[in-house]
Each structure stands twice: as C-alpha cells, then as structure tokens.
Amino acid sequence: MNRSNYPRQSRSLAHHSDMRCNINFNFMSNDWQVSPGESHSFLQDVRTAVLKYRAASATRFSIPIEVAQSQSQHILRLGKFHGSFALWVGFYNFSNRPIFATCRLQRRKRKSGRRFTDEIEVYTKKIGRYIPLEEFLEKMFPTFSQIPVGNDAMFQWWKTNGGTFNWTGLPTELKERIIYFCMHQSQPRALYRRAIRGAPEVTSQFGKWSAMLGVSRQVRAICLRICFVGSSDLQYGKGLCIDVKGHRAFKDCMRRLGKCFQMLEPGHLPTTDETWTLAETYNHYPRIYPHLSRYATLRHAIRKINLQLSFLDSMHFFKVTTGSFAQYFQSFRLDYGIFGQMPCLNEIRIQLPDARGYLVDGPHQQGPQLFYGEPFNCPRILHRLIYERAADVLATYENVNMYGFMDEMEKEGFYELRSESRKKMKFTAKELEELYREDGGGIELEKSIIPGIHGEMVEEPEWPMIQDAFWPPKCRCKLRCRKVLYPDTI
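Heads up: the sequence shown begins at 937 in my numbering, then just goes up one per residue.
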C-alpha cells in the first residue's frame, strides 16, 4: 500500500467530527460521487482492500461492492494532509443506497512487535467507533452461505484469483467432488460424422471435460473410477454400460475399448516383448491372472452389456449346433467367450431378434436358410434355438436377462433352463475366486514359467458341409407364429 502521500498518523481526530456533520444526503443517482479523475489517490487503496476482501471466498465475491468518494468532502487528488487525514467514502452495490463512512489509514504493530503494518479502518455513525474494513464489510454486506453461488459469479471469482490454486494439496475426497461436479455438468457429445479419437463410450461421459483424463495419473484414476462404477448423481449412473445393436457394431466397440489401456499404475504400458505377452495374457484371461491387472484395458471395466443381434448373428454368437449349423462357424466372429474377458461384468442383457422384423434370408449369408417364407416362417423355433443355447453357455454369470420373447411361455422356458444349468455347475464364479485366493493363485510349479509365451497352435475342427432337412424350419406351431404376431390379420 502506497503511503507516499500520507504523513504519519496522530491520535488527534478532531477534524473528523466536523467532516461527519457536513454531509448532504440529498443525492440522486450518482450525483454524490466525485468523478474518478478528481478522486483522492487513497480511494484506490480502499478499492484494493475491498477487492481483496471479496476475493477471499466465492460467497463474498457474489455480492458486488463499489467504492466512490463523496462530494461532501472536497480534497485535492494528490493533496497532503495532517496526521488526522481521513476520507469520506460511499460503499454501494447498485441495489441499495450507499453507506457513507470515514476511512483512514492506521499503522499497527504486528504480533511479533518488530514491524508495523498499515490497515484501513472505517468509522460510521451507526457503529460509533473505528473498526477494521473487513469487519465493516461483514456487517454492512452480509453473505448467505445457504444460497448457492451462480456460475457467472463463480467464474469471475476464479478469474480474479488468478485461475490457479494448489490442486495437489487438496484432499482426495474434495478432488472427487470437483470431478463429480464437472461430470454432472457435462452434456452428451453431439453426433459427428467424423471419427472421434479414443473411446467415445468413455469420453462421452465427460463431455467437454474429457481433457481431465490427461491431467495426472491420480486425476485419471479418479475420473475412470467414477466413470466405471457410476453414481446416482451422474447422467450415466450405472457405470460403464455398453448398448449395441448388430455384430459389426459390437465387434468394433470391443476392439476399440480393448486397445485403450487404463493406465492407472506405474508400468501400465507394455514396452518389451515380455510385457506385451503379459498384457495379451491378461487381455484374454483376466480372471485367471488377476495379478496382471496393471495391463487392464477399458474393455475390462465394462459393468453392463445390452446386446441385440440378428437371427443369424445370434446363432453364430452362441454357437448353435442344431441341424449341422456348426459347419458355418467363422473364426473372425465374436462369440459368448468375450464375456469371460470382462472381470467386472455384473449384468448381461440379451435382446432376442425382432420376430416382427424383416424375416428374409440374405443372398450370401454365412449360414443355412432360416426362413421358410410367409406364412410359414417360424421365429419361435429360431428364438428357442438361441435361448436354449444361451441358458447353457451363460450359466456361470450371475445376472443374465433376456427380452423379446414371443409370449410368457417362452420366457418361463428360458429361465427354467437357466436354473437347471446353474444347478449342474460344479463351481460358481465366487467359489473359483475363493479357491484361487486360498491356493495362493494356483499350483506352485517347479520352474518359473511366463504364461503365454510358448503358445501351441490349435487347429480348428473342420465341419463337413451337410445339407439337412432341418433348415429352413417350417412353422408347425399349434397357433401359427404369424397369427400370434399379427392377430388382426387373416
């Protein structure tokens, strides 16, 4: 604070009383203010102190406080005065009448007693004595912590404070709440035709805040944990959920998420042939090698899948073998085994193919003819082939639901088959995890072996091309499927 224009203070304040008595309260608009060019230089010190007070918190900053010199006191802009110098100032916030007070500069000793510091004190007739400026502002411009601060005021407060603060010094819980707020405020990305880098299944949850994933390892870990687990406060409350329709879209999604490492721990990126082998080992067998979780990808964090495939893709996905269908299996297709590569998966939702859809075979489809032709198409048999196989191969998963049945009888049949398949299991997934922990991660070997380096070639079985009479299935239901699906038609 510049004291070049102010002499040392004295205890004599006799001149103050005369100044307080000669006040003209009959003002209109800004008529009471001295123009900025004629205001005393001490007024700038008062403004600086007021701004420092407001910048201390967002609630204080949300209340505007302006300062102006009153015309009731005529002082030259750079005039020097005796030790009892004081300035008549009006404090206002554009909504109420100004509060007039006398401001002076008071020198005080610090607590150490060796150095002096200058403080601005304020005198008002209502209080009847000089008090520190901060105490005066707290009394005359009270704040209300119960009222939330608006976004504009918060942004201006942020700019006034320099836009930076000690992020690393904040408690982890507070960092999580800040990131929660950012994700809660984010809006879903608009659909663009151009390709989006990374995994939009994850970055879309952050919206314009996706850059937080690259701030630091700790911030990335907090962001991804919130994204993976979810929260009721967020738009994506159930965590990382995948909702896809079609085999190609599902395969692209799995490939995209499988290429992005989570990067939450040191040594998270494979750099050598050996670490790449370990990463591939965990990628395919995360439940068997949980100690390699540092190589986890975004695909390993999926919590929930909602999948809808066509009739042909569903039969390939669940590897239906009825009627020599196995001869059409293709190695490039994903199948139900992909679920075993998701250690955090806690719910599987399967949408059966639409029985009211376009029931016509493709000209070059990789499979037998599925549809006999109207009115003898039988989606009931095709549904049954799919859900009977799904009930068997998905028995190891706790939470599996299937939708799109033609009637309640088919739905009950699926859950009965699933219940029987689960009873036949020798070990549940939880029992296998307990066994793994009790045995210390498996059987101890005499020689240390790095898993997966010396892989053996496994030949795919060759299925002979058989033309059987099962395909295409003809509707022989007691009540034809067409009548069930379209009861109003003849």
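By construction, these hints were calculated from the structure, which means they are not laboratory data. Don't be surprised by glycine CBs; every beta carbon is placed ideally from N, CA and C. One or more hints might be untrue.
Keeping only pairs whose Cα atoms sit at most 30 Å apart, straight-line, the calculated DSSO-like set for lysine-lysine is [to be verified]:
| # | residue 1 | residue 2 |
| --- | --- | --- |
| 1 | LYS1360 | LYS1255 |
| 2 | LYS1366 | LYS1195 |
| 3 | LYS1075 | LYS1095 |
The calculated label-pair distances, taken between Cβ atoms and stated as ranges, are [said to hold, decoys possible]:
| # | residue 1 | residue 2 | range |
| --- | --- | --- | --- |
| 4 | VAL1329 | THR1425 | 42 to 52 Å |
| 5 | ASP1209 | GLU1346 | 45 to 55 Å |
| 6 | HIS1220 | GLY1086 | 47 to 57 Å |
| 7 | GLY1086 | PRO972 | 21 to 31 Å |
| 8 | THR1096 | SER971 | 23 to 33 Å |
| 9 | PRO1202 | PRO972 | 51 to 61 Å |
Hints, one by one, checked against the model:
Proposed proximity of LYS1360 and LYS1255 is supported: the alpha carbons are some 20 Å apart, at most 30 Å. As the CA atoms of LYS1366 and LYS1195 are separated by approximately 28 Å, the hinted pair is consistent with the 30 Å bound. As the CA atoms of LYS1075 and LYS1095 are separated by approximately 26 Å, the hinted pair is consistent with the 30 Å bound. At roughly 36 Å, the beta-carbon separation of VAL1329 and THR1425 lies outside the given 42 to 52 Å, and the hint is violated.
Distance hint for ASP1209 and GLU1346: a CB-CB separation of about 51 Å, consistent with the stated range 45 to 55 Å. Separation of HIS1220 from GLY1086 is about 51 Å and conforms to the stated range, judged on CB atoms against 47 to 57 Å. Taken as a hint, the range 21 to 31 Å holds for the pair GLY1086 and PRO972, whose Cβ atoms sit roughly 28 Å apart. Roughly 26 Å separates the CB atoms of THR1096 and SER971, a value that falls within the hinted 23 to 33 Å.
In this structure, PRO1202 and PRO972 meet the distance hint of 51 to 61 Å, their C-beta atoms being roughly 58 Å apart.
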